[in-house]
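J.: My request is simple: use the sequences and hints to build the entire structure.
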Amino acid sequence: MKPIDDWRQAGRLWSLRICAAAAALFTALAVFTEQLHQLWQQLPPAVQAMIPGHDKIALALFVAVAIARLVQQRSPKA
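Everything in the sequence shown is counted per full-length UniProt numbering, starting at 1 for the first residue and increasing by one.
No incorrect hints appear here.
Computed beta-carbon distance windows for the label pairs:
(1) Met50 <-> Ala24: 20 to 26 Å
(2) Val63 <-> Arg8: 26 to 32 Å
(3) Gln42 <-> Trp7: 41 to 47 Å
(4) Gln9 <-> Pro44: 42 to 48 Å
(5) Asp5 <-> Val31: 33 to 39 Å
(6) Ala30 <-> Lys56: 15 to 21 Å
(7) Gly53 <-> Cys19: 18 to 24 Å
(8) Val71 <-> Lys2: 21 to 27 Å
Keep in mind that the hints were calculated from the coordinates and are not lab data.
Backbone N, C-alpha and C define an ideal beta-carbon position, used for all residues, glycine too.
T.: What follows is the structure, encoded as structure tokens:
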């Protein structure tokens, strides 16, 4: 297995940024389950209805990663 060119600059790739944000989101959901559940219960029903389910959020993140990999990005600057 060979790393991509400029792998040291990989933190500037949008696909990796989106993956990192998704990992942070789902880690927060796992670690702060009780607190987030209490926060959710305090939200008005109209606001709760505007927030998509976890399956749709996960799908959107995966689609965003795929799109980010297909879009040409500026070359990382040293």
